[in-house]
Amino acid sequence: GARVASLCTGAFVLAAAGLLDGLRATTHWAHTDVLAARYPRVTVDPDVLYVDNGQVLTSAGKAAAMDLCLHLVRADHGPSVANAVARRLVVPPHRAGGQAQFVATPVPTRDDHPLSALLPWITARLDRPLTVEDLARQANMSSRHLGRHFRAATGTTPLQWLLTQRIRRAQELLENTDNGVESIAEAVGMGTATTLRRHFNRAVGVPPDTYRRTFRG
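Convert by adding 81 to the 1-based position in the sequence shown; the result is the number in our numbering.
Incorrect hints may have been included.
Said to hold, decoys possible - Per label pair, the in silico range of CB-to-CB distance:
1) Arg283 / Glu253: 36 to 42 angstroms
2) Ala165 / Arg218: 34 to 40 angstroms
3) Thr237 / Glu214: 46 to 52 angstroms
4) Ser264 / Asp114: 35 to 41 angstroms
5) Val94 / Ser197: 40 to 46 angstroms
It should be emphasised that the hints constitute simulated quantities derived from the structure, not laboratory data. Beta carbons are placed, not taken as given, at the ideal position from N, Cα and C, and that holds for glycine.
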């Protein structure tokens with residue numbers, strides 16, 4: 082009847098013991114493929130901070146392990162005690178388990194890559210309603226060639242990469258400013274708070290307001 086929790090790659094120990102069979106679990110994103118391949122009876126979720134199955138809990142990396150521990154304190158002793166513990170440890174008081182471990186944003190590694198000058202140009206103009214045609218014009222290539230270069234370098238399309246940059250900028254503003262969601266939506270080129278909330282929730286796993294509270298102790 083005891084609860085069992087794993088931190089980071091401790092999920093491998095629980096899986097080896099059969100405690101995760103038929104359950105959803107997570108571990109550090111760098112090891113999720115190995116965990117899933119080695120223990121096919123475990124449903125591995127690579128995108129979340131931690132998973133609470135009731136009596137068996139798993140977490141992602143070291144910071145997410147702290148989130149899981151605070152989650153247990155909150156469940157057993159209430160939010161006031163959990164917040165006090167978080168303040169003592171100087172960590173965010175509450176990050177929801179379903180929050181994404183990170184938002185990937187691949188970039189070319191060579192300075193002479195055809196996109197090496199374009200990407201900084203894009204990130205300096207995230208408040209603007211950029212189109213694929215705008216990007217292609219700036220890169221001095223056709224939209225088709227731009228798409229090929231993006232796919233080869235980042236594994237995604239120009240617009241999806243642009244959207245990811247907008248989300249990351251929104252994260253920075255939510256973490257470090259008191260700007261309202263509507264203002265942040267305009268600053269990152271989303272236009273409206275509704276649009277930002279929809280894309281942010283899809284990418285990060287929690288709404289902007291919930292994400293901001295993570296950084297407010």
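I'd like to know which numbered hints this structure contradicts. Please list them from smallest to largest.
1, 2 and 3
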